[in-house]
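Chemist: Sequence:
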Amino acid sequence: MADLVITCHACGKQSAISDIVGRRDACEHCRADLRCCKNCQYYDTTAHHECREPTAEWVADKERGNFCGMFRPFTGGRAAADDVASAKAKLEALFKKT
61 MADLVITCHA CGKQSAISDI VGRRDACEHC RADLRCCKNC QYYDTTAHHE CREPTAEWVA
121 DKERGNFCGM FRPFTGGRAA ADDVASAKAK LEALFKKT
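Numbering (the working numbering), first residue to last: 61 to 158.
One should not assume that every hint holds.
Simulated crosslink set (BS3-like; lysine-lysine; CA at most 30 Å straight-line) [as the list claims (entries may be wrong)]:
1) LYS73 <-> LYS148
2) LYS122 <-> LYS156
3) LYS148 <-> LYS98
4) LYS122 <-> LYS73
5) LYS148 <-> LYS122
6) LYS156 <-> LYS98
7) LYS98 <-> LYS122
Don't read these hints as lab results, they were simulated from the structure.
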């Protein structure tokens, strides 16, 4: 099987995996688990249990390696989430808090 390039959910850098993504595989840059919900193509914060796969079991820690049989590596990039300070500033501007 050809190398699979997966983008780490934690640091945003890419890692090449020569086979399937195993539960113990970690990002070569930051050592974050690669086989986790946040690196799965079904991960969606707006979906039930944060997963678009309806038959997947609930996983409490979305950043830790797990044994989910529905895991499919997400190979693209995800939009960066706003940081806390930026979100607070937007809320304060919305409610005109000074």
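Chemist: Given the hinted pair LYS122 and LYS73, is their Cα-Cα distance within 30 Å?
Modeler: holds, 18 Å
Chemist: Would you mind confirming whether the straight-line C-alpha gap from LYS156 to LYS98 stays at or under 30 Å?
Modeler: Roughly 34 Å separates the two Cα atoms, so the pair is violated.
Chemist: Would the pair LYS98 and LYS122 pass a check requiring their Cα atoms to be no farther apart than 30 Å?
Modeler: holds, 6 Å
Chemist: So if I understand the rule, the pair passes when the alpha-carbon distance is 30 Å or less; does LYS148 with LYS122 pass?
Modeler: Since the Cα atoms of LYS148 and LYS122 sit roughly 24 Å apart, the hinted pair holds (cutoff 30 Å).
Chemist: Are LYS148 and LYS98 close enough, with their CA atoms no more than 30 Å apart?
Modeler: holds, 24 Å
Chemist: With the threshold set at 30 Å, check whether the alpha-carbon distance from LYS122 to LYS156 stays at or below it.
Modeler: Measuring from Cα to Cα gives roughly 35 Å; hence the hint is violated.
Chemist: Are the Cα positions of LYS73 and LYS148 separated by 30 Å at most?
Modeler: holds, 27 Å
The structure does not agree with the numbered hints 2, 6 stated previously, though it agrees with the rest.
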